[in-house]
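Letter by letter, the chains look like this.
There are 2 protein chains.
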Amino acid sequence: MTSPRLLVNSETTKYPIYIDTDLRYQTYELINKSLDKKASAFIIIADDTVAGLYLDEIVQSFPAENKPYVATVPSGEASKSFEQYERLLTECLKNGLDRQAVIIALGGGVTGDLAGFVAASYMRGVRYVQMPSTLLAHDSSVGGKTGINHPLGKNLIGAFHPPSAVIYDSGMLNTLPEKEWRSGFAEVIKHGFIADPSFIKWVEENIQSFKSIKTDVLNELLRRSIKVKAEIVEKDEKEQGIRAFLNFGHTLAHSIEAELGYGRMTHGEAVAVGMLFALKLSEKVYKHSLEYESTCKYMNTLGYRLEIPAECNRDRLLERMKLDKKASYKQINFVLLKELGHPELLPVKENDISELLKKEGNLK
Amino acid sequence: MTSPRLLVNSETTKYPIYIDTDLRYQTYELINKSLDKKASAFIIIADDTVAGLYLDEIVQSFPAENKPYVATVPSGEASKSFEQYERLLTECLKNGLDRQAVIIALGGGVTGDLAGFVAASYMRGVRYVQMPSTLLAHDSSVGGKTGINHPLGKNLIGAFHPPSAVIYDSGMLNTLPEKEWRSGFAEVIKHGFIADPSFIKWVEENIQSFKSIKTDVLNELLRRSIKVKAEIVEKDEKEQGIRAFLNFGHTLAHSIEAELGYGRMTHGEAVAVGMLFALKLSEKVYKHSLEYESTCKYMNTLGYRLEIPAECNRDRLLERMKLDKKASYKQINFVLLKELGHPELLPVKENDISELLKKEGNLK
Numbered sequence: 001m002t003s004p005r006l007l008v009n010s011e012t013t014k015y016p017i018y019i020d021t022d023l024r025y026q027t028y029e030l031i032n033k034s035l036d037k038k039a040s041a042f043i044i045i046a047d048d049t050v051a052g053l054y055l056d057e058i059v060q061s062f063p064a065e066n067k068p069y070v071a072t073v074p075s076g077e078a079s080k081s082f083e084q085y086e087r088l089l090t091e092c093l094k095n096g097l098d099r100q101a102v103i104i105a106l107g108g109g110v111t112g113d114l115a116g117f118v119a120a121s122y123m124r125g126v127r128y129v130q131m132p133s134t135l136l137a138h139d140s141s142v143g144g145k146t147g148i149n150h151p152l153g154k155n156l157i158g159a160f161h162p163p164s165a166v167i168y169d170s171g172m173l174n175t176l177p178e179k180e181w182r183s184g185f186a187e188v189i190k191h192g193f194i195a196d197p198s199f200i201k202w203v204e205e206n207i208q209s210f211k212s213i214k215t216d217v218l219n220e221l222l223r224r225s226i227k228v229k230a231e232i233v234e235k236d237e238k239e240q241g242i243r244a245f246l247n248f249g250h251t252l253a254h255s256i257e258a259e260l261g262y263g264r265m266t267h268g269e270a271v272a273v274g275m276l277f278a279l280k281l282s283e284k285v286y287k288h289s290l291e292y293e294s295t296c297k298y299m300n301t302l303g304y305r306l307e308i309p310a311e312c313n314r315d316r317l318l319e320r321m322k323l324d325k326k327a328s329y330k331q332i333n334f335v336l337l338k339e340l341g342h343p344e345l346l347p348v349k350e351n352d353i354s355e356l357l358k359k360e361g362n363l364k
Numbered sequence: 001m002t003s004p005r006l007l008v009n010s011e012t013t014k015y016p017i018y019i020d021t022d023l024r025y026q027t028y029e030l031i032n033k034s035l036d037k038k039a040s041a042f043i044i045i046a047d048d049t050v051a052g053l054y055l056d057e058i059v060q061s062f063p064a065e066n067k068p069y070v071a072t073v074p075s076g077e078a079s080k081s082f083e084q085y086e087r088l089l090t091e092c093l094k095n096g097l098d099r100q101a102v103i104i105a106l107g108g109g110v111t112g113d114l115a116g117f118v119a120a121s122y123m124r125g126v127r128y129v130q131m132p133s134t135l136l137a138h139d140s141s142v143g144g145k146t147g148i149n150h151p152l153g154k155n156l157i158g159a160f161h162p163p164s165a166v167i168y169d170s171g172m173l174n175t176l177p178e179k180e181w182r183s184g185f186a187e188v189i190k191h192g193f194i195a196d197p198s199f200i201k202w203v204e205e206n207i208q209s210f211k212s213i214k215t216d217v218l219n220e221l222l223r224r225s226i227k228v229k230a231e232i233v234e235k236d237e238k239e240q241g242i243r244a245f246l247n248f249g250h251t252l253a254h255s256i257e258a259e260l261g262y263g264r265m266t267h268g269e270a271v272a273v274g275m276l277f278a279l280k281l282s283e284k285v286y287k288h289s290l291e292y293e294s295t296c297k298y299m300n301t302l303g304y305r306l307e308i309p310a311e312c313n314r315d316r317l318l319e320r321m322k323l324d325k326k327a328s329y330k331q332i333n334f335v336l337l338k339e340l341g342h343p344e345l346l347p348v349k350e351n352d353i354s355e356l357l358k359k360e361g362n363l364k
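These protein sequences, in sequence, are chains A and B.
Residues in the first sequence are numbered from 1 upward in steps of one, following full-length UniProt numbering.
Residues in the second sequence are numbered from 1 upward in steps of one, following full-length UniProt numbering.
Isolated chain A, as found in the complex (with noise of 0.2 Å):
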């Protein structure tokens, strides 16, 4: 019998997080060991590449009279848009879903976070389950953030609406992508600069390539991972205080892909960038060093790329950071490292940012 790795105890709700090998051949019973109220019926919602890939095992779990309804979306930033997030309502509405009705979101973090709008919206909200398929969804499938893109920036529209369980196969990462991978590992690197210096030194230890990770150190890599994740959003549901501090890196990051266009860079290659940048801007602030160096050093070893791609227009970039969710008052806020672990949010003067991005950026 499987259990639960993790437990979220937030605020407003609790559920379980199932990590481990193939728990896909065991998605029905799971679901079910989650639910407070029995499910009227069952959508999965899924990336249509990880629907290639996974789709049929996981609907075999489901008895014969109770098949979950299917609806794909192509992969990629692009499906985090009003239209895939119309379209998907509709498909809810045309199977009928009721209130008790339960969604599977089944793919990466663009899947988890649409997917879950829809959840928290249909019908002024029912429960869903989030099924990652990606390392960095490892971050996004924990925390109830939910939400759909604007042209004028990411994750402008959505709600905060917990899952009713995180089914974590880790198995299903055997056919990810090293760029995926590469996108996934900023945040766990993440997590270890805001709360886990120890899980650093861990990770530099354990994993010095994509390809040769085993599975236990997989499954104790996500463990710790979302950990973190998971303590902070059990404290700060709402991203009233500390839950900012996730955004470690993600100010410059959310900028740069919006700059280039969602899509041209992974979300974890910008956040790479962004941290870095955060580190070089903390090391500043505070007047002390912060491995910057090391740090560069081991993200090279994964085949990052550190630099803010030259295309980047600095003052653009510094229009969108004010449109940041942390932003208040007109001002930019930043995610900043007084100690290796010890992040603080921090007005930072639009000047000394601007003088940042041209010294270590090249920006014109």
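The list treats identical chains as one, so a pair stands whether inside a single copy or across any two.
Only pairs whose alpha carbons sit at most 20 Å apart, straight line, appear in this in silico DMTMM-like list of lysine to aspartate or glutamate:
{"hint": "1", "residue 1": "Lys-330", "residue 2": "Glu-65"}
{"hint": "2", "residue 1": "Lys-280", "residue 2": "Asp-352"}
{"hint": "3", "residue 1": "Lys-94", "residue 2": "Glu-319"}
{"hint": "4", "residue 1": "Lys-67", "residue 2": "Asp-56"}
{"hint": "5", "residue 1": "Lys-94", "residue 2": "Asp-315"}
{"hint": "6", "residue 1": "Lys-37", "residue 2": "Asp-236"}
The hints are simulated quantities; they were obtained by calculation from the structure and are not laboratory data.
Chain B: place on chain A using the hints.
Showing chain B alone in chain A's frame:
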């Protein structure tokens, strides 16, 4: 100094309800008094007809250095659309509104629901204030239900997102057309039926026509009717139980509205028809009289048309009832009255509904 007439103390939040003549001249002051944390900016989302009448007076209550942004929406149910929703989110972004901004919904239920859903989902949720301008909105402005329509049904997309305050300037009702009085008054009577039969008596004694209601009677009417709503919402914010009682009359009403096309009949006119149908159904189920005849008579004096419109198709009405948010596990659930003031939510057989639609509604 104006004090709130009522306070809503729900599971997740509490907020004041101000009811009085000419509150619009104190808008800025009343909003600031209600906010726990200062607003970074304001945007008024206003019904365009109401804006033409009262917007200037409201804007004048704001100091020069803190004038609100304004976005108007066309009057009418058709504005509760994906298109308007998306457009308003874009307006908020273009004005650079951050998470500390406050949205003011100025108008009837359409504006309140739409602006409320914008507030619920803009940056995953910002605060908003309801300024109802219709009698009908005395109901919808309290309780935090927000949403938009889908071509397949009313209010199918939305969120529970309580306002930070309700500012009800009953003076704005002076310009309300009689048809709109009739629409809102149906919800007043509904509140009496489900929770306070003595209020129905009071209403019948004090109101014989919508043209001659005195200020004091009107404010008392609003207070007592909103009180019923507020007390239910306090006990069941997210419609897990007794809040469904507020849907008395709405199962059929929503279906009629969808069947005719939104806007052909006002919401309250449809609720009046639905309420009398539910009353008749209650008399059948519980086998005793519930003042069906006297209620019909009183409502006729006020100019209500109480027949189900002949162009409604019986089978299609039933199909639409199955999409009702109270439906579960494919069964239609009706709010019925065991006695006056004592509602219950009961599954009703499709066939029984169909028979009564045929008999009472003369529908084919």
